[in-house]
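Order-wise, the sequence lines are chains A and B. Quick note, the first sequence lines up with residues 1395 to 1619 if you use the numbering used here. Quick note, the second sequence lines up with residues 4 to 81 if you use the numbering used here.
Read the hints as simulated data drawn from the structure, not as lab findings. Hints are not guaranteed to be accurate.
With a straight-line Cα cutoff of 30 Å, these simulated BS3-like cross-link-like pairs (lysine-lysine) come out [unchecked claim]:
1. A:LYS1493 to A:LYS1555
2. B:LYS61 to A:LYS1603
3. A:LYS1603 to B:LYS67
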Amino acid sequence: MIRSNIFLVAICSILIIMSNYLVLLWVPTDSVLGLSQKIFYLHVPQGMLGLGGITIVMIGSVGYLWRREDYWDKLAYAAAEIGAVFITAALVTGILWSKAVWGVWWTWAPQQTLTLILWFIYVAYLMVRAYSPTPSHGSRYGAILGIIGFVDAPIVYMAAKWWRDVHPEAVVGPLSESDSLDRSMYTVFLVSLISYGVLFAYLLVERYKLLRLNTVLEEIRYDEE
Amino acid sequence: MKSNIRLATVFLVVLVLFLIGATPKEIGQSDSTAPWFIAASFMTWVVFLGYILFVSRKQNDLQKQIDEIRRSAPERKQ
Chain A
1395 MIRSNIFLVA ICSILIIMSN YLVLLWVPTD SVLGLSQKIF YLHVPQGMLG LGGITIVMIG
1455 SVGYLWRRED YWDKLAYAAA EIGAVFITAA LVTGILWSKA VWGVWWTWAP QQTLTLILWF
1515 IYVAYLMVRA YSPTPSHGSR YGAILGIIGF VDAPIVYMAA KWWRDVHPEA VVGPLSESDS
1575 LDRSMYTVFL VSLISYGVLF AYLLVERYKL LRLNTVLEEI RYDEE
Chain B
4 MKSNIRLATV FLVVLVLFLI GATPKEIGQS DSTAPWFIAA SFMTWVVFLG YILFVSRKQN
64 DLQKQIDEIR RSAPERKQ
């Protein structure tokens, strides 16, 4: 397990260094937005993986309610925490980008606001898990919240198309037009997305391991009693 | 996890050195938005490394507790 993690850390670090090299030195700087446009390579992958996190939470929650197996519950819990970290990073980089381009920290654009709502959903999920009367209650309530919370994810993605505002429309993914992003920019974006994806996977594995350790500790204590 | 943290730290140092080496070239173009990009990169790593540190500490704490209970269990039985 440790060996595979070192492998993940090594791949992740190499990809992050490579994507930083590409972002800083290889990809051309936007003539209108300047260097601030390069925040795109941080902000968009973070946001996409934040949405991916709530999708895993939903899958884990459905799996747990259906099968009642601990594995699904732990997967959902771990994904919720990692997703919250990624959405926090996306919000922070988004705020900084907003100030650089539009001169304001926050615009209440629909996509921005819905992403903030997603962050609150993650926080609510983690609070339910932490403060439920018993762990089994936490698992059940969390699973229900995880499934309901997932509804926000497709709305966040569609928001820029449904409600036109200052926030730009999607330039990657199924909603984007085929020539909306320069080829070199698209390549760097993909490298960045993959590096953040590997980081997401690594953190998910570590958080899952932590939850398992917690269960082992509880079992030992129960046996002792 | 500890060895992973060490490995991640080494890569981070390389990354920081790399960023320090690469940044003046970009800032040299007198781009007023450069500080925002640097701030975004910095904040990203504060968030992620902070979280990695949190998980690593919790893992070590739990492992220590498990080891301690396992060590003391045979003594209590006697």
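Q. Okay, which hints does this one fail, numbers in order?
A. Of the numbered hints, all hold.
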